[in-house]
Every structure is written in C-alpha cells, then in structure tokens.
Amino acid sequence: MPTTLLERYFPVVLQAILAFAIGTLLIGASAILGKRVRNAVKNTAYECGMTPYGTAKERFSVKFYLVAMLFILFDIEAIFLYPWAVVFRDLKMFAFFEMLVFVILILAGFFYIYKKGALDWTAEELKPVQHKIHVDLMPADPVPSEKVTHAA
Amino acid sequence: MEFIIITLVKTGLVAFILLTTLAYLQWVERKVIAHVQARVGPYRVGPHGLLQPLADVVKLMTKEDLIPDHVNKVFYVLAPFLAVFLALLSISVIPFGPAVEIFGIKTNLGLADINIGILLILAVSSLGVYGIALAGWASNNKYSLMGGLRSAAQMVSYELPMALAIAAPLILSNSLNLREIVDTQAGNWYGIPNWNIFTGGQIFGFFLFMIAAFAETNRIPFDLPEAENELVAGFHVEYSSMKFAGFFMAEYANMITVCSVATVLFLGGWHSPIPSQAGSGVFAALVHFAAAGMLFFHAMHAARPFDKITFPVFGVVISGIGAIFLAGAFVWPALGAAINGLFWYGAKTFILLFVFIWIRATLPRFRYDQLMRFAWLFMFPAALLNMLITAFFVALKG
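For the record, the sequence lines run as chains A and B.
Residues 214 to 365 in this note's numbering are what the first sequence lists, from first letter to last.
Residues 90 to 487 in this note's numbering are what the second sequence lists, from first letter to last.
Simulated from the structure, these hints should not be mistaken for lab results.
A quick note: this is a predicted structure, and the numbers were derived from the prediction, not measured.
It is possible that some hints are incorrect.
[What the hints assert, rightly or not] Derived lysine-lysine pairs resembling DSSO-like cross-links, with alpha carbons at most 27 Å apart:
#  : chain 1 : residue 1 : chain 2 : residue 2
1  : B       : K486      : A       : K255
2  : A       : K329      : A       : K276
3  : A       : K270      : B       : K162
4  : B       : K148      : B       : K162
5  : A       : K255      : A       : K276
6  : B       : K486      : A       : K305
7  : B       : K152      : A       : K255
8  : B       : K152      : A       : K248
9  : B       : K148      : A       : K255
10 : B       : K486      : A       : K270
11 : A       : K255      : B       : K195
12 : A       : K248      : B       : K486
13 : B       : K162      : B       : K231
14 : B       : K162      : B       : K152
15 : B       : K231      : B       : K152
16 : B       : K99       : B       : K195
17 : A       : K248      : B       : K162
18 : A       : K328      : A       : K276
19 : A       : K276      : B       : K231
Model the full structure from these sequences, guided by the hints.
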C-alpha cells in the first residue's frame with residue numbers, strides 16, 4: 214500500500230514513461246519499417262487530386278479566437294467549483310448561497326456575450342450592443358439631401 | 090521494494106490489457122456497424138476476422154512514412170506522439186476494482202491512488218486538444234487547418250459543460266479521489282443501488298457528461314474535425330502509416346477513459362447492483378455460461394466448417410472463466426471480491442463503449458453552428474443548473 218507522496222505518484226510517473234515509450238516506438242517503427250518512394254506529386258499538399266493553389270495560412274474567422282477566450286473565462290469558474298464541491302458538506306447552505314451569487318455574476322457575463330452575438334456562428338459580424346440611453350453625437354442631417362436620380 | 094514490484098507488474102498488465110482492448114475495440118466497432126447495416130464486416134483474417142487488428146497493425150507499420158516538404162516537421166511529428174502519449178497517460182488514475190488481498194499481497198486494483206485523480210484526468214484531456222490542433226496547423230493544408238481549428242473550438246466548448254457535469258457527483262462524494270468517489274457509492278437504498286445516477290439523482294448529469302464526452306473524443310455526431318464529406322479527413326489528411334494510426338489509437342484510448350470516468354462518477358464503479366457477493370458471482374458466471382452456450386449452439390449448424398472447431402474452443406474458454414466466477418462465489422471469497430469488481434467495472438464500461446459505437450451507426454453529423462450553439466446555449470446552462478440543484482438538495486439534507 215502506498216504511504217508517501219512519492220509512492221502515490223510513482224504509478225503515474227511509470228505510466229508516463231510507458232506512454233512515452235509506446236508513442237516513440239509507434240512513430241519510430243513506421244519511420245524505419247516503411248519503404249520510401251518520393252516524387253514531386255506525392256510531395257504536394259493533398260487537395261482531392263487537383264493541383265493545390267494558394268496557401269493554407271489563410272485568414273480564418275475571428276470566432277475561433279473568441280471561443281478560446283470565452284472558454285478561459287468560464288473554465289476558471291469550473292475550477293473554482295471543484296474545491297468548493299469538496300468542502301461542501303461542511304459549509305452547507307452558506308456555501309450554496311455564496312456559489313449562487315458567484316454563478317449569477319458569471320451568468321450576467323454569459324447573457325452579455327449572448328446578446329452581443331458572440332455565440333451565433335451564422336452571423337457575419339458582432340452586433341453593437343443596444344444601450345438604453347442613446348446619446349446622439351451626430352444628429353441626422355436637418356435638411357434631407359436631394360436624391361440623385363438616374364433619369365434618362 | 091515490494092511495492093515497486095507490484096506496481097511494475099500492475100502497470101505491465103494494465104498496458105497489455107489496454108492495448109489489446111484498443112486493437113479489438115476497432116474490430117468490435119467494425120463488426121457492430123457492419124451488422125447494423127446488414128453486412129458481415131471483417132470475416133477473412135482468422136475466425137470471424139478476429140485476427141484483423143493484428144493484420145492492420147502490420148500493414149500500417151510497413152506503410153510508407155511520408156513527410157511532405159510543405160509541413161512544419163517538428164510539430165508534424167510531435168502531434169501524433171502527443172495524442173498517443175496523453176491518451177495513454179490518464180488511465181493511470183482510474184480504479185478498476187476494490188482493495189484486494191490475494192496470496193498475502195494487499196493491493197488496490199488500479200494503478201495510482203492520488204487525491205486529485207479527477208483533476209489529473211481533466212488536465213490531461215484538455216491537453217489532448219494540442220495533438221489535434223497542432224496536427225491541423227503543422228500540416229500546411231487547407232483541410233487540415235480547418236479541421237484543427239474546428240476541433241480546438243469544439244473541444245474547449247465541450248470541456249466546460251463536462252467540467253460542470255463532473256462537479257455534481259463531486260458535491261455528492263466530497264472528494265477528488267476516484268477511489269473514494271466509488272467508495273461513497275457502495276450499498277443500496279431499498280434495493281436500488283446507491284450509485285450517483287440513481288440515488289444521487291444524477292441521471293440528467295450523466296447524459297450531459299456523456300454528450301460532452303462524445304464531443305471531447307470527436308465521435309459522431311460531433312466528428313466535425315474530420316467531417317469526411319467536406320474536409321476529406323480533416324486534421325489528419327497529410328498523415329500516413331503509424332502516425333495516421335496514432336490519432337485513431339488516441340481516439341479509442343480517450344473513449345475508454347471517458348467511459349471509465351462515467352462508470353466511476355455515475356455508475357458506481359466496480360460495485361455490483363446485486364447486494365450479496367455470492368449472488369453477484371453467480372450472475373457473472375451465468376452470463377459467461379450463456380455466452381458459451383450460444384457459441385456451442387451456433388457451432389452445431391455453423392455455415393463454415395472452420396467454425397465447427399473454433400466456436401467450441403471459444404465456448405470452453407468462456408465457460409472456464411465462468412467456472413472461476415463460481416469458484417470465487419463459493420470457494421475463495423478473496424478472489425471473488427477481486428474478479429467480481431473487475432467484471433462489473435468492465436461490464437459497465439463496455440456497455441458505454443457499445444453505446445458510442447451504436448450512436449456512430451445511427452446518427453448523422455451536426456452542422457458547425459448547431460454544434461457550437463448546442464454547447465453554449467444548452468449544455469452550459471443545463472450543466473450549471475444541474476450542479477446548483479444537486480448542491481441545493483445536498484445542503485438541505487445535510
């Protein structure tokens with residue numbers, strides 16, 4: 214039976230060494246065993262048999278960054294929950310209401326990003342948030358400009 | 090010293106069983122999907138294609154290991170290695186059975202027994218996204234990049250409801266140690282097993298966890314990273330030979346890990362739904378005898394003459410295992426406790442693995458915006474609510 218800290222983590226270290234060995238072995242074995250025939254066509258990027266054009270380092274949707282940032286914000290909440298869950302039976306209702314306040318604050322942020330459209334993958338761009346108090350810094354043109362007509 | 094030898098033996102055994110299961114899970118998946126689609130599946134290599142996994146390994150090992158010039162070589166090689174390494178690492182904290190004493194050696198069935206087990210699994214599984222995202226980026230291919238990006242966003246989005254769904258059983262058990270979590274689920278309440286899914290009221294949490302688990306392992310209906318009909322194969326388009334197979338090994342190892350975690354957190358781990366140890370042993374023996382009986386029955390009118398030999402051989406082996414369970418139930422209780430634990434843990438995990446395969450044969454794929462909307466607008470609030478309700482009732486009961 215394990216007693217010290219080192220003994221408790223020894224199997225994890227052992228499994229890590231084993232996993233490292235298996236990973237290296239798999240990738241090494243195929244590098245040694247497989248025969249190699251190189252030619253120009255094999256060396257091109259695979260695009261369904263067509264000649265590839267352009268570069269793969271294209272610009273992609275900013276949504277991917279956005280989701281990663283939102284994940285970090287909300288995952289901190291999940292990590293806060295774990296130590297809270299472990300001591301929950303000692304603190305009971307006090308712990309419940311403390312966490313309720315925290316969750317409500319988090320949900321306020323969640324509601325904001327939902328209204329902002331950050332979770333809507335079909336929209337082209339983020340919506341501006343509609344504030345209740347709208348200060349019009351640039352009032353509309355008092356004199357309606359003449360419409361240009363394309364008369365024949 | 091004795092402890093180190095026992096650990097070495099256990100690690101070796103677990104690695105052997107894990108790698109065999111990985112190989113044969115592939116065979117089971119191909120067989121099950123084939124039968125769902127009214128085909129026979131692998132049939133030629135060995136009896137009923139049983140040697141197919143070995144043939145696949147030999148084939149993949151000897152295939153050309155192509156590293157095209159346009160890839161980023163360091164990360165291109167690192168990605169499949171990372172995927173395999175991380176997938177095999179997390180099995181080390183999973184408890185397979187109770188603490189047993191056989192031949193005077195006292196040991197836990199399971200490798201490590203650490204007090205932050207579930208945190209280690211979460212940490213390792215969130216690192217798993219690097220393998221796929223790096224593969225997609227390093228391949229310098231449009232399809233790979235799209236697959237890698239999609240999978241990164243998908244896996245972090247479903248990481249969140251998964252972590253929240255795990256929090257609910259933690260409130261019930263008040264521990265991060267997986268062995269202690271299983272220990273709190275022992276016994277029964279008026280005949281209903283005292284598992285978190287039943288008496289803990291976590292049926293909803295269990296489904297949330299399983300849905301998130303499907304997305305985390307990139308399985309259908311969440312296999313957007315490799316969506317065949319739009320991205321060809323997604324993040325592993327540019328990979329060949331064993332590097333290609335490494336991603337599949339990682340996927341199957343992750344499946345085994347999440348099914349084990351679901352068993353431990355929600356389904357009572359190795360605890361049997363039958364209260365008495367002898368009854369549980371008899372049940373396990375009956376299951377094996379029934380399987381052996383089916384094999385003998387089919388051997389009588391097998392379509393191929395070869396099956397007339399192989400079916401009874403397998404039948405005898407399986408009834409032998411059944412006899413060991415009977416011996417454990419009545420003659421040798423120490424052995425009975427160990428093998429009953431392993432039987433129930435294995436049965437629960439394999440039923441969940443079968444569900445993974447079954448769903449792959451049944452459901453089509455999500456669209457990407459549906460997938461993300463489902464994660465953030467349904468899974469996240471639902472998991473949060475489930476956690477809060479569980480906490481409220483635990484606080485009320487005291």
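Tested hints:
Our distance criterion of 27 Å between C-alpha atoms is broken by B/K486 and A/K255, whose separation comes to about 67 Å. Under the criterion of a C-alpha separation no larger than 27 Å, the hint pairing A/K329 with A/K276 is consistent with the structure, at around 12 Å. Restraint check: the Cα-Cα separation between A/K270 and B/K162 comes to about 16 Å, which is no more than 27 Å; the hinted pair holds. Simply put, B/K148 and B/K162 have alpha-carbon atoms about 24 Å apart, close enough for the 27 Å limit, and the pair holds.
Restraint check for A/K255 and A/K276: the C-alpha separation of about 34 Å exceeds 27 Å, so the hint is violated. As the CA atoms of B/K486 and A/K305 are separated by approximately 9 Å, the hinted pair is consistent with the 27 Å bound. The hinted pair formed by B/K152 and A/K255 meets the criterion: a straight-line CA distance of about 14 Å does not exceed 27 Å. Under the criterion of a C-alpha separation no larger than 27 Å, the hint pairing B/K152 with A/K248 is consistent with the structure, at around 7 Å.
The straight-line distance between the Cα atoms of B/K148 and A/K255 is roughly 20 Å, inside the 27 Å bound, and the hint therefore holds. Taking the CA atoms of B/K486 and A/K270, the gap is about 57 Å. The hint is violated against a cut of 27 Å. Pair hint A/K255 plus B/K195 does not hold up; C-alpha atoms about 57 Å apart against a cutoff of 27 Å. Annotation: proposed proximity of A/K248 to B/K486 is violated, straight-line Cα distance about 67 Å (limit 27 Å).
A C-alpha spacing of about 17 Å is found between B/K162 and B/K231, which places the hinted pair at or below 27 Å, so the restraint holds. Annotation: proposed proximity of B/K162 to B/K152 holds, straight-line Cα distance about 19 Å (limit 27 Å). For the given pair, B/K231 sits about 24 Å from B/K152 by alpha-carbon distance, which is consistent with the 27 Å threshold. Restraint check for B/K99 and B/K195: satisfied, since their Cα atoms lie roughly 13 Å apart, inside the 27 Å limit.
Only pairs whose Cα atoms come within 27 Å are accepted, and A/K248 paired with B/K162 is accepted, the gap being roughly 19 Å. Restraint check: the Cα-Cα separation between A/K328 and A/K276 comes to about 15 Å, which is no more than 27 Å; the hinted pair holds. Taken as a hint, the A/K276 and B/K231 pair is honoured in the structure, with Cα atoms around 18 Å apart against an allowance of 27 Å.
Hints 1, 5, 10, 11 and 12, counting from the list given before, are not met by this structure.
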